[in-house]
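S.K.: Just so you know, the sequences run in chain order X and G. Going by our numbering, the residue at position 264 of the first sequence is 264; the numbering climbs one at a time, nothing skipped. Going by our numbering, the residue at position 42 of the second sequence is 42; the numbering climbs one at a time, nothing skipped.
Honestly, the hints are just simulated from the structure, not real lab data. Source: prediction; values computed, not measured. Misleading hints may appear alongside valid ones.
Restraint ranges, calculated between C-beta atoms of paired labels, are given here [to be verified]:
1. L253/X with D132/G: 17 to 25 Å
2. Q185/G with L253/X: 44 to 52 Å
3. V254/X with D73/G: 56 to 64 Å
4. L56/G with V197/X: 50 to 58 Å
5. L69/X with D240/G: 56 to 64 Å
Here a beta-carbon is modelled for each residue, glycine too, at the ideal position from N, C-alpha and C.
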Amino acid sequence: MEKMIFGRYLPLQSPVHELDPRAKLLFIFGFVIVVFLANNILSYGILAVFTLLCIYLSRINIRFLLSGLKPVIWIIAFTFLLHIFLTKEGDLLFNIGFLKIYEGGVRQGAFISLRFLLLILVTSLLTLTTSPISITDGLESLLNPFKKLKLPVHELALMMSISLRFIPTLMDETDKIMKAQIARGADFSSGPIKERVKAVVPLLIPLFVSAFKRAEELAVAMEARGYRGGEGRTKYRLLHWQGKDSAALVLLLVLAALLWWARS
Amino acid sequence: MKENIISINHVHFRYPGQTVYALKDVSLNVAKGEWLAIVGHNGSGKSTLAKMLNGLHYPEEGQVTICNFPLKDEFVWDIRRRLGMVFQNPDNQFVGTTVQDDVAFGLENNGIPHEVMVERVKASLQRVGMLDFLNQEPHHLSGGQKQRVAIAGVIALQPDIILLDEATSMLDPRGREEVLRTVRQLKEEQDLTVISITHDLEEASRADRIIVLNKGSVYREGTPEEIFQLNEELIKLGLDVPFPVKLSEILRLQDFEIASNYLSEEELVRELWTSNFKK
């Protein structure tokens with residue numbers, strides 16, 4: 001679990017960390033679209049260089065980033081193989097009996113895998129450089145226009161931040177219940193899968209019961225502290241859009257223009 | 001006579017669908033600036049009373065007035081602004097992801113402008129001695145620290161009354177002492193009224209006045225000294241008498257001469273080690 005980089009936040013000092021979460025969210029959103037412009041070696045090369053630049057600016061150790069990618073490597077390898085075997089374009093490279101590998105398949109496979117890899121790298125940069133609460137604030141602020149369409153933006157953001165706040169609490173609780181069950185002879189770590197799944201039930205039930213109890217008490221406490229929905233509320237955390245945030249988006253536009261020029 | 005900040009007149013209350021009254025003809029007043037302890041066994045109605053003072057329940061009959069506001073729907077938010085509540089479970093009242101966010105929560109709810117908010121968060125945390133923990137997440141804090149953050153969240157709204165609803169019952173002795181010391185200090189610094197609802201008579205013994213609730217009614221009312229004279233009766237009500245009171249009672253049965261029921265251990269110790277000089 002320690003190796004997982006998804007959803008982890010590394011509190012460092014870097015130009016990327018200092019960006020407004022809204023800028024980063026918009027940037028990622030734009031990047032996901034722009035990536036699809038690339039379709040030849042030159043344009044993919046530009047994309048790769050751009051991604052490396054982003055990683056460099058975030059001051060995050062590239063080895064750390066790559067070691068965190070291990071769980072996804074298999075999915076990338078799988079898509080690569082799928083393209084190699086199933087795409088029948090261009091010149092025939094290999095022909096081993098029923099296996100026919102075409103030049104187009106290798107190229108396609110390599111491009112798609114690279115695209116996938118770059119997308120994962122850039123999106124994990126978002127969570128690595130932005131604290132979860134900032135992401136929540138950014139989302140709330142970006143989704144604000146949708147309030148007109150009756151989307152409960154404030155409530156969604158509050159739900160997100162409360163979930164984030166209770167994750168460690170519930171983890172501790174799970175640990176406690178697990179130890180209590182082990183002390184009474186429950187076995188979570190050995191035996192056939194069916195038995196192990198069964199052993200989880202007496203763990204989940206008390207966890208659910210206590211989570212509901214917590215929710216109820218929290219609701220009472222929130223009401224006692226004057227919570228009555230998003231109306232008339234002020235915000236403690238303020239977001240500041242600065243020049244560098246606009247610059248980041250301009251950079252993305254430059255990338256899009258470059259890719260447009262380089263694609264065939 | 002000091003003016004009353006809370007007055008409760010002949011209040012009756014039942015939980016929906018119940019025939020038994022949780023509160024039966026309760027009348028009491030709280031004077032401005034006093035420390036009132038409300039004690040009682042489980043099911044004595046003390047928590048129901050606490051929730052009523054915060055407008056989480058409304059009386060079926062009778063009137064409740066808090067800071068000159070009658071307890072009615074239209075005033076409930078004004079009352080909550082003036083009466084801050086600290087609950088039992090430190091974890092289940094911590095809303096923010098960090099200490100400062102949690103203190104700000106009540107301020108945000110009341111639409112306090114951002115600049116004022118930043119100042120008040122700092123000032124309140126300073127006063128409960130938690131300023132160094134500004135950016136800490138709740139799971140890195142002890143129970144006592146979390147309760148102190150909860151108190152900071154309450155005083156940030158500059159209330160007139162603090163209501164502690166069993167706020168120390170889940171804490172270890174050190175955490176309990178921390179929290180009570182903080183509240184006492186705050187009470188001295190500004191003219192706060194403190195109501196502490198508890199079943200810990202040790203905690204109640206430091207109040208100015210104690211009200212004993214039993215089965216939804218006021219059973220006794222008096223200073224801690226007066227209440228602890230009831231000794232046997234309190235035990236019958238399922239309340240645990242403080243250790244020094246218990247000890248003096250037993251010593252008296254053993255024919256030791258002990259002047260009165262001491263509420264604190266120090267007083268009793270002083271009485272004991274000087275007792276031979278008096279002979």
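S.K.: Each hint: holds or not?
M.R.: Hints versus structure:
no. : hint                           : in the structure
1   : L253/X with D132/G: 17 to 25 Å : 44 Å, violated
2   : Q185/G with L253/X: 44 to 52 Å : 57 Å, violated
3   : V254/X with D73/G: 56 to 64 Å  : 58 Å, holds
4   : L56/G with V197/X: 50 to 58 Å  : 41 Å, violated
5   : L69/X with D240/G: 56 to 64 Å  : 59 Å, holds
Hint compliance for this structure: hints 1, 2, 4 are broken, all remaining hints hold.
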